Each structure stands twice: as C-alpha cells, then as structure tokens.
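Undergrad: So the chains spell out like this:
There are 2 protein chains.
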Amino acid sequence: MSAPAIHTPMNLEAASPPWPITFDDVLAARERLAPYLTPTALRHYPLLDDHLGGGTSLLIKHENHQPTCSFKVRNGLSFVTGLTAEERARGVVAASTGNHGQGVAYAASLLGVRATICVPVGNNPEKGAAMRSWGAKVVEEGRDYDESVGAMLRIAKEEGSVVSHSTNDRRVVSGAATMSLEMIEQAGGGGLDAIVIAVGGGSQSVGALTVARELTPKLEVFGAQAAGAPAIHDSWHQRTPVQTPRADTFAEGVATRQPYALTYATLCEGLEGFTTVTDAELAEAIRLILKLTHNLVEGAGALGVAAALKLKDQLRGKRVGVIFSGANIDTTLLRRILNREI
Amino acid sequence: MSAPAIHTPMNLEAASPPWPITFDDVLAARERLAPYLTPTALRHYPLLDDHLGGGTSLLIKHENHQPTCSFKVRNGLSFVTGLTAEERARGVVAASTGNHGQGVAYAASLLGVRATICVPVGNNPEKGAAMRSWGAKVVEEGRDYDESVGAMLRIAKEEGSVVSHSTNDRRVVSGAATMSLEMIEQAGGGGLDAIVIAVGGGSQSVGALTVARELTPKLEVFGAQAAGAPAIHDSWHQRTPVQTPRADTFAEGVATRQPYALTYATLCEGLEGFTTVTDAELAEAIRLILKLTHNLVEGAGALGVAAALKLKDQLRGKRVGVIFSGANIDTTLLRRILNREI
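Residue numbers (our numbering), protein chains in the order written: chain A, 1 to 342; chain B, 1 to 342.
Hints listed in this document are in silico derivations from the structure and should not be mistaken for laboratory results. Here the structure is a predicted model, which is why all the values come from computation and not from measurement. Do not rely on the hints blindly, as some may be mistaken.
[Unchecked claim] As a list, the in silico DSS-like pairs of lysine-lysine whose alpha-carbon atoms are at most 25 Å apart:
1. K291(A) <-> K291(B)
2. K291(A) <-> K137(B)
3. K291(B) <-> K137(A)
[Stated by the list, open to error] To list a few chain A residues with every Cβ distance to chain B over 10 Å, as calculated:
4. D146
5. A187
6. R287
7. H294
All residues carry an ideal CB built from backbone N, CA and C; glycine is no exception.
Just need the whole structure built from these sequences, with the hints factored in.
TA: Next comes the structure, spelled out in structure tokens:
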C-alpha cells in the first residue's frame, strides 16, 4: 500500500456538480485497491443470450467472485485506504444491510482499523455473521437501512469514529467506479453499447456514468430498482426527490427509501432509462442465473439480468454489460426461491 | 499461445512409474494455459474454521470461479493446447458426466477444434446444455460414466477423432496439477500442511502429489470419494484394484466405478489417507458452504470440506488446502438439498 495514494484528497475542484467524482478519482481508487483486489472476470454465457433473444449479447461482470462476495469490497477498501492515519486511529462506523458493512469490515481488518457496522433489526443473519468474522462489531438498530443510518451517526458522535456512508462519500463512489472501468477495458474491441445496473444508493451507477463520460460517451447506462423500493426510480421519472414510507423487497442490497445527496443529480443527468423489477421477477432471474450459469446471486445481484429482460427491446442487438454484483443471499430465502414460493 | 509449447511431447523418460507426469510437465501446462485462464483465488473463511474447530485453518481454492465453473477447464485446455495441428484438425471426443466435457468443449471452442462429448443417459441436463452452448455435439449413451467411455472409443474409431480421456491422459493430469501449483505458491510463507482432495479419476490428486513431491515433500495429501462410489478408495485400502457394480452418488463428478491406469499406482504410493463421505454428508457440506461462504458448489465440489470435517482429528492445528472444485449443481438437486430431502 502506497502512503501517498492513501492521503490524496478527492479532486473536488474538478468534480463540478452534478458530477461528484472525477475520472482521476477513479484512477486513484484503482491504485489504492490494486494491492488487495485482482480484477474480476467479464464473461459471456451463450445460454443467457439465447434466453434474452433479440441478438443481445450480455457480458457478465463477476463481482460475486469478490472476497466478500460483493462489489462493495471495492467501496470499503477505497474508503479505508483513503483515510488519513489520524482517521484510521479513530476507527470507522458504517450503516449497512450487509454488503457495504462486509466491505468496510473486510477492508478495516486488512488495514488494522476498528470497525462498527449498524444493521437493521432482523437483517440477513448470514451477512451479520460474515461482518463479525472480519472482526467488526455489529449493532442491530432501526427497522431498515435508512434508520440504521441514524444509529451510525449517533455512534460516530459518541465514539469519535469516522462515518463511512454507503453512498454519500466520494471515496465509496470512486471505489464502485473501478468496477465499470474494468468492465469497459475488458470489453475490448467490441466495446459495450449499454450497461444495466442496480441502484441502491447509486454508487455503482454514478461510478459507471463517470467512467463512461471519460472513455465511452455513447455508452447507455440504464438504472434498475426493486419495484418495492422505487424511491430513486420514482424521483428520476418525476424529476423531483421523493421518499417512500417502506422499502419492501427481499433484495436488501437495494432496499433504500430515498435518493442520496451525492448521487441523485448525476443519475438525473446521466441515466438513459430507469426501470423497476418485481420480487417475483428477481426470483425468476435468480433461478435463471443458477440454471444457465451456475452462479449464485442475491436479489440485488440479479437486478441487472432481470432488468435486461424487461428492457430487451431497447437492448436489441447490443453488447450489454450486466453485473452479478453480489452473492450473499441467505439460504432460507434461496430455498424459498427454488421452491417457487416467491 | 506459443506453438513450441503445444508440440512438446510429455516427458515420458523423466516420468518414471508410478509417476505419470513430471513437474516440468506441470510447468509446461501452466505456460499453455496462461493465455486463457487467470489464477483463481485462494481464500480463508474464519466462519468455516470456527465450524471445523481444532485450530485447523482451511484455505479454499476457488475453482468454482473458473469459466466453466470447474477446475476441469484446466484439464480441457491443457489437452487441447497440447494437441498437434494434425490432431486438432481431426477433432476430439470425450466421455464425461459434465465437467470434463465442458472443459474440453470450452477449450475446443477457443481453439477452433470440433468436439463431441459422450454423457450417460439422464445425465445432469444443465451440464449438457452448457457443453452444447460451447459448440460441442453431445451424445447421450451408457448408464454411467464408465459406459460412456465405450461410446467415446467407438466414435473415435468411426470418425477418426482424438480421444480425450478424463483421467488416462498426461496432458489432462498436468492441467489439473496446475491447480495445486497455484495453491502452494499462493499459500506463501505459512505454506500448507495438508490438502484434502476429491478423487473421481485421480487427475486432481495425482497432480497435487506431483507438485508436492517437487515443492513441499512434507505436504500430506488426503483423498476423498463418495461412499456410494468408493472403487478407488477401496482399491487403495486393499492395495489391489477393485471395481464396483454401480456408482451411487448425486456427486456425478466423482461417480466412477474403478481405478484408472494412469493414476492408481501414484495414489497408492502418495496419499497420506483416503476417506469416504456419504451423500448426506455431502449435502450438509453444500448447505454449510452456502451459508458460511455464499459459494455454490456441486457434490464433488463439496467433497473437500466434507472430508475435512471427517478428518478433523488428523488435521488439528494444520493449514489445509481444500478445493471448491466445481459449481455445476443442477437446480432441482440444489432445491432438494436445501429442503433437506438429502
């Protein structure tokens, strides 16, 4: 790990609104991540293309192969390696439904930083166990992600630890952007015409838009949310921020109830389209991915494929990047999905 | 791909019986594979160690992340890249319950070689679909793997194609050995004290023994078979080759009924121990791996963990390499396992 890279502040001047990060921030994040992560594969499955039809070719980014089984390890490592020595000594606190928390916990364990993760009451217990296994303290508080954020802020105040917001942090968004940077480079000569990407808080999608703006301005980026947690989707279509009273989806990775300060304006400016997918459609996509590719994905990890099926007319004949963004589905839920109870 | 490496014949002189391949063969295979495969991760899951107990530390080799979701892609690529131009022009034929066939089909598609794969009647249909998706012709014949071998030999005679035996081929065993070479190198300073490895035909285990003999002679290699397909296990314990009338396990990747000419003597000489695992124990290991690591493995892919649980007293306090060797479980079987019907 190179000390100079760690202490480089985000390039705020160049990141004029509505673009919270610059391409240089992404390159810097990639430098910081390089000692800890190797690029994940970008693969092509003829059986998935046959299922989709229309001559569309899906290129699958295997973030399910990451150490914490989720792209969020990029965000956590980008955050923790971006802290100053003084900040590291204070420890970090995050709120998460699991994958951001695992990413932060894993990164903190590698760098010897104390981590506390706030999760909603009744959250996926397997994600909690994984966070603890990386040495983090796990605090269950709040009825959903947005309420856990309150616990995080209180603990940060009480303990003096550094807040690691899962979206509203330039280091986090820059970390997520390294994924799209890899994808675009790996797609090579044929390139990518479009990316279909899950939106929880927006780190993946704003990361993709930032990288695309620099490297492939014609790339179309489509957002996707769960139909039961459509706050950012609705805000995008209405061009005004709206909140929802509940986030009602088994895909806890995207179970948010409002747009986020750092990402919302960029999504409004940059996304080509924005769709939603029901939990039934997500469950079907999980079964399809298992059957045709033998990869395990969680709800949020199936959003790309489920949304690509929904957008098939717009994607006809295109080379489309889709991310298996995470695999941390709990086994009880997986059983219900295989039994077609969902 | 470097032409000289392709045409290098196996180093038969140096490979004195009972060692069918040399360490140089493994290095040559790694060279041939390098343009097509990147090393898979070797990872540590504290939750798995906690479950195992006894201070044993499992290091997991993620062959489930390979392009065909199985280590057999190494074998297939080592085989096809090791063919002469004349052999490639004739096309290849293999017998397989699926993973060797996928490896050969995938390799053949990359190198523009015609491939036919013989599978048992009623074989895992998802594996057959994957083979076809890589452009192979799939022939269903025989009641199990060993009977499909007969179909392979007949087709080779009829069509003049080159036989790709899943075990009795030095290129295949050398390909499998590259996995252990990577593991031992990746384990680094702490090294490995033992490897627990699934035995179907023996390519993985003989590969491990060959590499260990060169690099870490004290490494203990333990073999594991399914209790319902224990022919090689029984032969090892009785020190005489025995066949079984049936191969009765859901782990089709290790459903063999006899020892193989190229690997049996090496197993007799090299293995530290050899155990079996029931299908119920395999099913439990699949559930455990899903819950604690969120990785999908098929029956053969869970053999290492299941056997490590069985051998826990002998593995106490050791650093133990275990391979998630494949993920191509069919979804109907996975559902039954999650429902605890197995």
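Undergrad: Against the 25 Å threshold, does the CA-CA distance of K291(A) and K137(B) hold or violate the hint?
TA: Roughly 20 Å separates the two Cα atoms, so the pair holds.
Undergrad: According to the definition I'm using, a residue is off the interface if its beta carbon is farther than 10 Å from all beta carbons of the partner; does D146(A) meet that for chain B?
TA: 25 Å, holds
Undergrad: Is the nearest CB of chain B more than 10 Å from the CB of A187(A)?
TA: A187(A) is indeed farther than 10 Å from all Cβ atoms of chain B, at 16 Å.
Undergrad: Taken at face value, is the distance from the CA of K137(A) to the CA of K291(B) at most 25 Å?
TA: 20 Å, holds
Undergrad: Taking only the CA atoms, is the gap from K291(A) to K291(B) under or equal to 25 Å?
TA: Roughly 19 Å separates the two Cα atoms, so the pair holds.
Undergrad: The output says H294(A) does not contact chain B. Does that hold with a beta carbon cutoff of 10 Å?
TA: 5 Å, violated
Undergrad: So R287(A) supposedly isn't at the interface. Is its beta-carbon more than 10 Å from every beta-carbon in chain B?
TA: The claim is violated: R287(A) sits with its nearest Cβ about 7 Å from chain B, within 10 Å.
Hints 6, 7 from the list above are not met by this structure, while the remaining hints are.
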